Amino acid sequence: METLTYTVDGAVGTLTLNRPQVRNAMNGRMLDELRQTLEAVNLDTGVRVLVLRGAGPVFCAGGDLRDLFTDAHPVAIRNLLSHRIRPLSRALITLDKPVVCALHGPVAGAGLLLALGADFVIAAEEASFVTAFGKIGAIPDAGVMWLLAQHVGLMRAKDIVLRARTLTAAQALELGIYTEVVPKAGFEDAVNGLVAELAQGPTLAMAFAKHALRDAVRMPFDAFMDLEATGQGLMHASHDHNEGVQAFLEKRAPRFTGC
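Position in the sequence shown (first residue = 1) + 1052 = this note's numbering.
One or more hints might be untrue.
Stated by the list, open to error - Cross-link-like lysine to aspartate or glutamate pairs, in silico, EDC-like; alpha carbons within 20 Å at most:
{"hint": "1", "residue 1": "K1303", "residue 2": "D1292"}
{"hint": "2", "residue 1": "K1262", "residue 2": "D1096"}
{"hint": "3", "residue 1": "K1210", "residue 2": "E1226"}
{"hint": "4", "residue 1": "K1236", "residue 2": "E1226"}
{"hint": "5", "residue 1": "K1236", "residue 2": "E1178"}
{"hint": "6", "residue 1": "K1262", "residue 2": "E1091"}
{"hint": "7", "residue 1": "K1262", "residue 2": "D1274"}
{"hint": "8", "residue 1": "K1262", "residue 2": "D1171"}
{"hint": "9", "residue 1": "K1303", "residue 2": "E1249"}
{"hint": "10", "residue 1": "K1262", "residue 2": "D1292"}
{"hint": "11", "residue 1": "K1187", "residue 2": "D1211"}
{"hint": "12", "residue 1": "K1262", "residue 2": "D1148"}
{"hint": "13", "residue 1": "K1187", "residue 2": "D1119"}
{"hint": "14", "residue 1": "K1262", "residue 2": "E1280"}
{"hint": "15", "residue 1": "K1262", "residue 2": "E1249"}
{"hint": "16", "residue 1": "K1210", "residue 2": "D1193"}
{"hint": "17", "residue 1": "K1262", "residue 2": "D1278"}
{"hint": "18", "residue 1": "K1262", "residue 2": "E1232"}
{"hint": "19", "residue 1": "K1236", "residue 2": "E1177"}
What the hints assert, rightly or not - Derived DEER-like restraints, expressed as beta-carbon distance ranges:
{"hint": "20", "residue 1": "Q1298", "residue 2": "G1205", "range": "40 to 46 Å"}
{"hint": "21", "residue 1": "M1287", "residue 2": "E1240", "range": "31 to 37 Å"}
{"hint": "22", "residue 1": "D1278", "residue 2": "C1311", "range": "20 to 26 Å"}
{"hint": "23", "residue 1": "T1220", "residue 2": "E1240", "range": "18 to 24 Å"}
{"hint": "24", "residue 1": "R1208", "residue 2": "K1187", "range": "18 to 24 Å"}
{"hint": "25", "residue 1": "D1278", "residue 2": "A1128", "range": "40 to 46 Å"}
{"hint": "26", "residue 1": "E1240", "residue 2": "M1053", "range": "22 to 28 Å"}
{"hint": "27", "residue 1": "A1190", "residue 2": "D1096", "range": "34 to 40 Å"}
{"hint": "28", "residue 1": "E1240", "residue 2": "Q1298", "range": "31 to 37 Å"}
{"hint": "29", "residue 1": "A1275", "residue 2": "P1072", "range": "44 to 50 Å"}
{"hint": "30", "residue 1": "W1198", "residue 2": "G1245", "range": "27 to 33 Å"}
{"hint": "31", "residue 1": "R1208", "residue 2": "P1109", "range": "24 to 30 Å"}
By construction, these hints were calculated from the structure, which means they are not laboratory data.
Remember, predicted model here, so these are calculated numbers, not experimental data.
Glycine included, every Cβ here is placed at the ideal spot set by N, Cα and C.
Whenever a hint applies, use it, and build me the whole structure from the sequences.
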């Protein structure tokens, strides 16, 4: 791939944005390679956890304006967002495995999708959250507003978006955007510890819980309870549930396999 690297170590896949010369700004090629890689990861039963990283000092500076918006016609912009960026956003948000964003540095613009769309964000203290769209007279795209409103609520999302605010890592943590903020010296240990924990967990149940939690905010109570009941029935028929119960009875650690 031209814009990414992807490696697998045991049950852990690591996807790294690899355009450090432009602060990992996302061009058209990166959009496509990200979507294709996420779709492939979703089908790879050997990968139980995905880690998102960025090469260089900046995690992602957002969209590469020189590449993505060469045609400013409204139809061209709509097609870009609907047919290239929306499928990428969907592929990340609906991924059937836990996703950890290892946010070592600033993230901005459309790159916010990768932080907001992950299930866990381990951030270094230098990892600011930059909503830069308003500074160029645009609105957030890539599903960022939808995700942000779910993370922080409507009023706080308005405050961040309409004022084009830059949040420090500590502020993003307080708002519930980042899972944990750690000093640079402890960053890799924090990431690796979480990833190891998730890789050993019941990833089938995690996948269903991810989807249920995402849908909970927009479903009537009874519709959600129907979903929950169906899901729990499926979980009780799984190998992982049987293993979990057996391990509990035998007073040992469970050995989950994700099926």
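To see whether the hints hold, each was checked on the structure:
no. : hint                        : verdict
1   : K1303 <-> D1292             : holds (16 Å)
2   : K1262 <-> D1096             : holds (18 Å)
3   : K1210 <-> E1226             : holds (17 Å)
4   : K1236 <-> E1226             : holds (19 Å)
5   : K1236 <-> E1178             : holds (8 Å)
6   : K1262 <-> E1091             : holds (17 Å)
7   : K1262 <-> D1274             : holds (19 Å)
8   : K1262 <-> D1171             : holds (8 Å)
9   : K1303 <-> E1249             : holds (19 Å)
10  : K1262 <-> D1292             : holds (17 Å)
11  : K1187 <-> D1211             : holds (14 Å)
12  : K1262 <-> D1148             : holds (8 Å)
13  : K1187 <-> D1119             : holds (19 Å)
14  : K1262 <-> E1280             : holds (12 Å)
15  : K1262 <-> E1249             : holds (17 Å)
16  : K1210 <-> D1193             : holds (14 Å)
17  : K1262 <-> D1278             : holds (16 Å)
18  : K1262 <-> E1232             : holds (19 Å)
19  : K1236 <-> E1177             : holds (7 Å)
20  : Q1298 <-> G1205: 40 to 46 Å : holds (41 Å)
21  : M1287 <-> E1240: 31 to 37 Å : holds (33 Å)
22  : D1278 <-> C1311: 20 to 26 Å : holds (24 Å)
23  : T1220 <-> E1240: 18 to 24 Å : holds (21 Å)
24  : R1208 <-> K1187: 18 to 24 Å : holds (19 Å)
25  : D1278 <-> A1128: 40 to 46 Å : holds (42 Å)
26  : E1240 <-> M1053: 22 to 28 Å : holds (24 Å)
27  : A1190 <-> D1096: 34 to 40 Å : holds (36 Å)
28  : E1240 <-> Q1298: 31 to 37 Å : holds (35 Å)
29  : A1275 <-> P1072: 44 to 50 Å : holds (45 Å)
30  : W1198 <-> G1245: 27 to 33 Å : holds (30 Å)
31  : R1208 <-> P1109: 24 to 30 Å : holds (28 Å)
No hint from the list above goes unmet by this structure.
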